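S.K.: Sequence:
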Amino acid sequence: MTRSDDPAATVLIPAAGRGTRLEGKRKQLRRLGDAPVLVQTLRALERCAAVQALVVAGPPDRTEALRSELDAAGLATLRAVVEGGASRQASVRRAFEAAPDETEVVLVHDAVRPFVPAGRVRAVVEATREKGAAALAVPASDTLRRGQRGGRFGDTIDRAGCFRMQTPQGFRRALLADAFTQIDQQNTAPATDDVGLVQAAGHDVHVVEGDRRNFKITTPADWQLAQALWPVWLEGGNVEGGRTADEQCT
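When you read off a place in the sequence shown, starting at 1, and then add 56, the result is the number in our numbering.
Just to be clear, a hint being listed does not mean it is correct.
Restraint-style ranges between C-beta atoms, simulated for each label pair [what the hints assert, rightly or not]:
id, residue 1, residue 2, range
1, Pro-287, Gln-238, 22 to 30 Å
2, Glu-153, Gln-280, 35 to 43 Å
3, Arg-74, Trp-286, 37 to 45 Å
4, Arg-74, Leu-131, 35 to 43 Å
5, Ala-121, Asp-234, 32 to 40 Å
6, Pro-246, Pro-156, 23 to 31 Å
7, Gly-210, Glu-291, 19 to 27 Å
8, Gly-207, Arg-74, 43 to 51 Å
9, Gly-203, Ser-124, 40 to 48 Å
10, Arg-74, Gly-292, 30 to 38 Å
Result set (SDA-like, lysine to any residue): computed pairs, CA atoms no more than 25 Å apart in a straight line [to be verified]:
id, residue 1, residue 2
11, Lys-272, Asp-157
12, Lys-272, Arg-118
13, Lys-272, Glu-102
14, Lys-187, Gly-217
15, Lys-272, Glu-158
16, Lys-187, Ala-109
17, Lys-81, Ser-143
18, Lys-272, Pro-116
19, Lys-81, Glu-182
20, Lys-187, Arg-228
21, Lys-272, His-262
22, Lys-272, Arg-220
23, Lys-272, Ala-91
24, Lys-187, Ala-91
25, Lys-81, Lys-272
26, Lys-187, Gln-145
27, Lys-187, Glu-139
28, Lys-272, Gln-241
29, Lys-272, Gln-242
30, Lys-187, Arg-118
31, Lys-81, Gln-145
32, Lys-187, Ala-142
33, Lys-81, Ala-105
Treat the hints as calculated values from the structure; they're not laboratory data.
Predicted model only: the values in this text are computed from it and were never measured.
C-beta: ideal position from N, C-alpha, C; glycine also.
Throw the hints in and build the complete structure from the sequences for me.
M.R.: Structure representation (structure tokens):
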């Protein structure tokens, strides 16, 4: 199927973070393989034929430099690099405002999730077109307990029905626009992800099976895992019709 035959999906990538949990370095600009993490993430998204446009919200202090770097990366679907905001939500909104007019489905994806399989991206696009809003998530597999750092454990939380959220998270364009409008009127605190934003506006979001390899590079330990996984990923981990990591182990 060609790109022209697919639904017009635009992916917004908030990439303005400073990487405070990764030794103070901007994690999205660290090199993974032959390119920065951000470029590898954009390449992974481009492997899904349903993605027709990429819009990046970059660090305010180096947006022009980032635009030049991404232009040089030869990304076929890159449409715009805009200045990010003071928060993730603000960056997503600025990227949203730069989405092409023909966009029907909007996906939001973390700049530091380069291991997203193309098949999972397509699954979110399809679920979003059908249901209005959908997001990748994986079931919680560890025992969950309440507690305080340095303190005691409390009650055990039933992990049945608990999920670890991933990206991309997808929304019909009009639905996300409505969520932004409602949040402005309510003057609430920024949500930690876009599912939270949309739910706060009263919309349902549907679960799409994620992939455990699709982790977010946040800490030094995550960076070590990313470097170890990268050569395996290049051998065929990211394919349009590939199985999830859990399916491959069954």
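S.K.: Each hint needs a verdict: does it hold in this structure or not?
M.R.: These are the hints, each one checked on the structure:
| no. | hint | in the structure |
| --- | --- | --- |
| 1 | Pro-287 to Gln-238: 22 to 30 Å | violated (45 Å) |
| 2 | Glu-153 to Gln-280: 35 to 43 Å | holds (37 Å) |
| 3 | Arg-74 to Trp-286: 37 to 45 Å | violated (23 Å) |
| 4 | Arg-74 to Leu-131: 35 to 43 Å | violated (23 Å) |
| 5 | Ala-121 to Asp-234: 32 to 40 Å | holds (35 Å) |
| 6 | Pro-246 to Pro-156: 23 to 31 Å | holds (25 Å) |
| 7 | Gly-210 to Glu-291: 19 to 27 Å | violated (44 Å) |
| 8 | Gly-207 to Arg-74: 43 to 51 Å | violated (30 Å) |
| 9 | Gly-203 to Ser-124: 40 to 48 Å | holds (47 Å) |
| 10 | Arg-74 to Gly-292: 30 to 38 Å | holds (34 Å) |
| 11 | Lys-272 to Asp-157 | violated (30 Å) |
| 12 | Lys-272 to Arg-118 | holds (23 Å) |
| 13 | Lys-272 to Glu-102 | holds (18 Å) |
| 14 | Lys-187 to Gly-217 | holds (20 Å) |
| 15 | Lys-272 to Glu-158 | violated (30 Å) |
| 16 | Lys-187 to Ala-109 | holds (21 Å) |
| 17 | Lys-81 to Ser-143 | holds (17 Å) |
| 18 | Lys-272 to Pro-116 | holds (22 Å) |
| 19 | Lys-81 to Glu-182 | violated (36 Å) |
| 20 | Lys-187 to Arg-228 | holds (9 Å) |
| 21 | Lys-272 to His-262 | holds (21 Å) |
| 22 | Lys-272 to Arg-220 | holds (11 Å) |
| 23 | Lys-272 to Ala-91 | holds (17 Å) |
| 24 | Lys-187 to Ala-91 | violated (36 Å) |
| 25 | Lys-81 to Lys-272 | holds (15 Å) |
| 26 | Lys-187 to Gln-145 | holds (23 Å) |
| 27 | Lys-187 to Glu-139 | violated (31 Å) |
| 28 | Lys-272 to Gln-241 | violated (31 Å) |
| 29 | Lys-272 to Gln-242 | violated (30 Å) |
| 30 | Lys-187 to Arg-118 | violated (37 Å) |
| 31 | Lys-81 to Gln-145 | holds (21 Å) |
| 32 | Lys-187 to Ala-142 | violated (31 Å) |
| 33 | Lys-81 to Ala-105 | violated (32 Å) |
Violation of the numbered hints given earlier is confined to hints 1, 3, 4, 7, 8, 11, 15, 19, 24, 27, 28, 29, 30, 32, 33; the remaining hints are satisfied by the structure.
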